[in-house]
Amino acid sequence: MKIVEKDFSISSKHRNQMIDITSQVSSVVSQSGITNGDAIVYCPHTTAAITINENADPSVSHDVLLTLADIVPHHRPGYRHSEGNSDAHCKSSLVGCSELILIKDRTLALGTWQGIFFCEFDGPRHREVMVQIRGE
Amino acid sequence: MKIVEKDFSISSKHRNQMIDITSQVSSVVSQSGITNGDAIVYCPHTTAAITINENADPSVSHDVLLTLADIVPHHRPGYRHSEGNSDAHCKSSLVGCSELILIKDRTLALGTWQGIFFCEFDGPRHREVMVQIRGE
Amino acid sequence: MKIVEKDFSISSKHRNQMIDITSQVSSVVSQSGITNGDAIVYCPHTTAAITINENADPSVSHDVLLTLADIVPHHRPGYRHSEGNSDAHCKSSLVGCSELILIKDRTLALGTWQGIFFCEFDGPRHREVMVQIRGE
Chain Y
60 MKIVEKDFSI
70 SSKHRNQMID
80 ITSQVSSVVS
90 QSGITNGDAI
100 VYCPHTTAAI
110 TINENADPSV
120 SHDVLLTLAD
130 IVPHHRPGYR
140 HSEGNSDAHC
150 KSSLVGCSEL
160 ILIKDRTLAL
170 GTWQGIFFCE
180 FDGPRHREVM
190 VQIRGE
Chain F
60 MKIVEKDFSI
70 SSKHRNQMID
80 ITSQVSSVVS
90 QSGITNGDAI
100 VYCPHTTAAI
110 TINENADPSV
120 SHDVLLTLAD
130 IVPHHRPGYR
140 HSEGNSDAHC
150 KSSLVGCSEL
160 ILIKDRTLAL
170 GTWQGIFFCE
180 FDGPRHREVM
190 VQIRGE
Chain Z
60 MKIVEKDFSI
70 SSKHRNQMID
80 ITSQVSSVVS
90 QSGITNGDAI
100 VYCPHTTAAI
110 TINENADPSV
120 SHDVLLTLAD
130 IVPHHRPGYR
140 HSEGNSDAHC
150 KSSLVGCSEL
160 ILIKDRTLAL
170 GTWQGIFFCE
180 FDGPRHREVM
190 VQIRGE
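Chains Y, F and Z are the protein sequences, given in the same order.
All the letters of the first sequence, read from the start, carry residue numbers 60 to 195 under this note's numbering.
All the letters of the second sequence, read from the start, carry residue numbers 60 to 195 under this note's numbering.
All the letters of the third sequence, read from the start, carry residue numbers 60 to 195 under this note's numbering.
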């Protein structure tokens with residue numbers, strides 16, 4: 060059993076944005092030398108998230124962000140947090156701050172249409188992504 | 060440390076459906092020979108998800124699907140994805156495409172009322188479920 | 060590779076409540092003797108969840124619970140589950156019943172503002188939290 064940990068940085072350009080980080084995570088996997096196991100992709104921020112969804116058609120990200128904006132409005136009567144980003148915190152807990160992907164034959168075992176996304180909900184900002192690969 | 064990986068197939072019958080896959084995952088655990096560790100249950104599809112919820116009363120699945128349909132309508136002004144299944148992609152990111160369950164004494168350490176469900180959001184379809192057991 | 064498992068109990072005081080359990084999880088990590096690896100925090104209940112969000116300002120928890128109450132009303136026409144807690148089951152599947160946190164240098168590698176919360180959606184109740192630490 061081997062554990063390899065590597066972080067990388069990204070910069071978002073909009074308040075709400077889904078950034079495809081599949082290639083960065085794949086690089087960590089290939090460099091790890093691990094053949095079978097799993098990868099944790101973790102977001103150490105409370106106004107962002109990690110999700111897996113279709114990355115072939117960018118309309119999918121658009122529609123996910125549209126839906127989240129509709130479910131969690133930027134301003135809602137009753138919000139108490141004074142920084143004006145309560146919506147971003149709520150979206151973070153709904154989507155979740157990590158994903159787990161299996162590794163088979165030295166590659167991420169994603170489905171045909173799956174990509175890994177960093178979800179920015181309070182950008183533009185400079186952000187960190189943590190990746191841990193475990194296996195043999 | 061041992062890693063055992065096994066996939067299985069299921070077929071959904073409705074557009075939206077929660078299918079109890081607890082027994083299939085339990086079988087992978089018993090066959091793995093692993094006593095203590097964890098199981099990852101992973102859905103390699105972008106219009107489906109994995110969740111853990113009550114499986115004693117089927118009304119719970121009904122009410123979860125009802126709530127998701129209310130939060131994420133099938134057709135919403137502004138959706139750009141042309142395949143007519145934007146709602147399914149959104150539900151997938153809200154529920155999440157994997158679950159992690161502990162293994163103790165060769166069995167899934169689920170709570171009394173917990174079962175593992177494959178959530179179909181764009182069926183009927185033939186689907187795959189990936190299970191990885193890690194432990195000793 | 061070492062696996063350490065420890066459960067602890069908590070008591071909620073309200074129907075909906077986010078309880079900061081970061082210090083309890085941190086204790087399990089320090090007592091485990093594991094330097095690098097990860098921690099699974101798992102909720103074995105179907106009307107509760109685990110999330111990671113800001114724990115510096117309690118307004119964030121307030122706003123997350125407010126948003127969840129708005130998205131998933133306590134009573135909705137069409138609910139079939141007869142126990143009156145369908146909303147709690149739905150919130151559980153939306154937020155998710157576990158979180159995964161990396162361990163670096165014997166400590167939880169949480170972001171600056173991140174804390175781990177047990178989310179009660181059908182309290183007040185006595186609840187269990189399961190923690191598994193894996194690593195070396």
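Quick caveat, the hints were computed from the structure, so don't treat them as lab data.
Don't take each hint at face value.
Below 27 Å or equal to it, Euclidean Cα-Cα: the simulated DSS-like pairs (lysine-lysine) are [said to hold, decoys possible]:
id, chain 1, residue 1, chain 2, residue 2
1, Z, Lys163, Z, Lys65
2, F, Lys61, Z, Lys72
3, Y, Lys61, Z, Lys72
4, Y, Lys61, Y, Lys163
Status of each hint after checking the structure:
no.: 1; hint: Z:Lys163 / Z:Lys65; in the structure: 19 Å, holds
no.: 2; hint: F:Lys61 / Z:Lys72; in the structure: 42 Å, violated
no.: 3; hint: Y:Lys61 / Z:Lys72; in the structure: 43 Å, violated
no.: 4; hint: Y:Lys61 / Y:Lys163; in the structure: 15 Å, holds
Checked against the numbered hints above, the structure violates hints 2, 3; every other hint is satisfied.
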